[in-house]
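Undergrad: Single-letter residue listing:
There are 2 protein chains.
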Amino acid sequence: MTVTGPRGEYAKTPARRHEILSAAVEVFSAAGYHKGSLRDVAERVGLSQAGVLHHFPSKHHLIEAVLAWRDDESRRRFRAGASGLATIRDLVDLVDYNQNTPQLIELYATLSAEATTPDHPLHDYFVKRYADVVAFVQNSLEHAAAVGDLRPDVDPAPAARCVLALMDGLQIQWLYDRDSVDMAAQVRHYVQSLLDVEL
Amino acid sequence: MTVTGPRGEYAKTPARRHEILSAAVEVFSAAGYHKGSLRDVAERVGLSQAGVLHHFPSKHHLIEAVLAWRDDESRRRFRAGASGLATIRDLVDLVDYNQNTPQLIELYATLSAEATTPDHPLHDYFVKRYADVVAFVQNSLEHAAAVGDLRPDVDPAPAARCVLALMDGLQIQWLYDRDSVDMAAQVRHYVQSLLDVEL
Numbered sequence: 002m003t004v005t006g007p008r009g010e011y012a013k014t015p016a017r018r019h020e021i022l023s024a025a026v027e028v029f030s031a032a033g034y035h036k037g038s039l040r041d042v043a044e045r046v047g048l049s050q051a052g053v054l055h056h057f058p059s060k061h062h063l064i065e066a067v068l069a070w071r072d073d074e075s076r077r078r079f080r081a082g083a084s085g086l087a088t089i090r091d092l093v094d095l096v097d098y099n100q101n102t103p104q105l106i107e108l109y110a111t112l113s114a115e116a117t118t119p120d121h122p123l124h125d126y127f128v129k130r131y132a133d134v135v136a137f138v139q140n141s142l143e144h145a146a147a148v149g150d151l152r153p154d155v156d157p158a159p160a161a162r163c164v165l166a167l168m169d170g171l172q173i174q175w176l177y178d179r180d181s182v183d184m185a186a187q188v189r190h191y192v193q194s195l196l197d198v199e200l
Numbered sequence: 002m003t004v005t006g007p008r009g010e011y012a013k014t015p016a017r018r019h020e021i022l023s024a025a026v027e028v029f030s031a032a033g034y035h036k037g038s039l040r041d042v043a044e045r046v047g048l049s050q051a052g053v054l055h056h057f058p059s060k061h062h063l064i065e066a067v068l069a070w071r072d073d074e075s076r077r078r079f080r081a082g083a084s085g086l087a088t089i090r091d092l093v094d095l096v097d098y099n100q101n102t103p104q105l106i107e108l109y110a111t112l113s114a115e116a117t118t119p120d121h122p123l124h125d126y127f128v129k130r131y132a133d134v135v136a137f138v139q140n141s142l143e144h145a146a147a148v149g150d151l152r153p154d155v156d157p158a159p160a161a162r163c164v165l166a167l168m169d170g171l172q173i174q175w176l177y178d179r180d181s182v183d184m185a186a187q188v189r190h191y192v193q194s195l196l197d198v199e200l
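Chains as they are written, first to last, in this note's numbering: chain A, 2 to 200; chain B, 2 to 200.
For reference, chain A alone in the conformation it holds in the complex (with noise of 0.2 Å):
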């Protein structure tokens, strides 16, 4: 007996979740929550609206899988179990990657800016992931402060928002003029004098 699941544009595949994901990036990267529509996205993968919805049931879900989606592939790039000066390293290498996804980028600079309305859909997703991030790269460079590998007269609290605030910024320019900004090197440059070693 051969048992078969669902097919056509019903088959829960991973790889059709992927293709629906990757062409939501592209319709709300452009035009951003409001103006982006779950027919813009069902039509990029050939489906109809209800074939997208059976795989994501609202366009809500559907953006907070993409952005849960991007979350994990920024944390794949981190290794597990380091801290202090390695992870800020993998934060560091983190932005030399993301120059390759250039639409994931413009996605997170529209969205988080438009979120900023405390009505926005996203508002809370993007107050948590904030703290979340803030936390996260404050606790690196305490760690690195413990081992002396950071410089005495920084304090890793702000230090960590001056860090987030670059990067977000950088893309923006970045995003205006691909040429003149280079992210990687101006984070890379930022961190470094924050720190009492070589990066």
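Some clues are possibly wrong.
Identical copies carry no separate label here, and so any pair may be met within one copy or between two of them.
Said to hold, decoys possible - Here are the simulated SDA-like cross-link-like pairs (lysine to any residue), alpha carbons at most 20 Å apart as the crow flies:
id	residue 1	residue 2
1	129	183
2	129	179
3	36	122
4	129	180
5	60	159
6	36	121
7	129	199
8	129	101
9	129	181
10	129	177
It is worth saying that the hints were derived from the structure and are not from the lab.
Given the structure of chain A, go ahead and fit chain B onto it with the hints provided.
TA: This is chain B only, laid out in the frame that chain A set:
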């Protein structure tokens, strides 16, 4: 004989224009360019859409007027004829001042992120705006360098981009968590680190 101009919603008074611009800031800071509508702006000021269109012939004209107004306001915070350190001080003071205009910050953050897409109606505005502002800050840093106010190891071109990135990135963090982010202190601290003199 008394000569009177047009009355009511068609009166082209500066006050009425200003009222429409303020309403536009509210609408477009929350909704972005694509989603924001002239109808919402008109409703807020108690005009018909035709009434708004009498003052600004299209949504695009209205947004451009808002941005030009914001640019003028920012420009007025810089002392005429100043350069180098004096201009850098004005820039840092501007960050202080901006903390009193959260909706303008939100508008700017939302539009500048949304318009990174090349076919966005405001794309060219922001390309030019970033190029102009980077050149302006770079020029101030070069003037500071020429009189020995800049640390000798600071390269004005990337440092200018860094200052602006920091300002943009901190604005996003501040919009999410106003109690935890002191934009002015952070920018001041970073800019001070570039200088050989007291800010």
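Undergrad: Does each hint fit the structure? Answer for all of them.
TA: Hints and how they fare:
1. 129 x 183: between (28 Å within a copy, 19 Å between copies)
2. 129 x 179: Answer is between; shortest inter-copy Cα gap is 14 Å, intra-copy 30 Å.
3. 36 x 122: Cα proximity of residue 36 and residue 122: in one copy and across copies (13 Å, 14 Å).
4. 129 x 180: Classified as between: cross-chain Cα gap 15 Å, same-chain 33 Å, threshold 20 Å.
5. 60 x 159: neither (35 Å within a copy, 39 Å between copies)
6. 36 x 121: Both. Shortest intra-copy (13 Å) and inter-copy (13 Å) distances satisfy the 20 Å Cα cut-off.
7. 129 x 199: Classified as neither: same-chain Cα gap 32 Å, cross-chain 37 Å, threshold 20 Å.
8. 129 x 101: Answer is neither: 26 Å inside a copy and 25 Å across each miss the 20 Å cutoff.
9. 129 x 181: Between copies only: 13 Å across chains, 32 Å inside a chain, cut-off 20 Å.
10. 129 x 177: between (28 Å within a copy, 9 Å between copies)
Hint compliance for this structure: hints 5, 7 and 8 are not met, and every other hint is.
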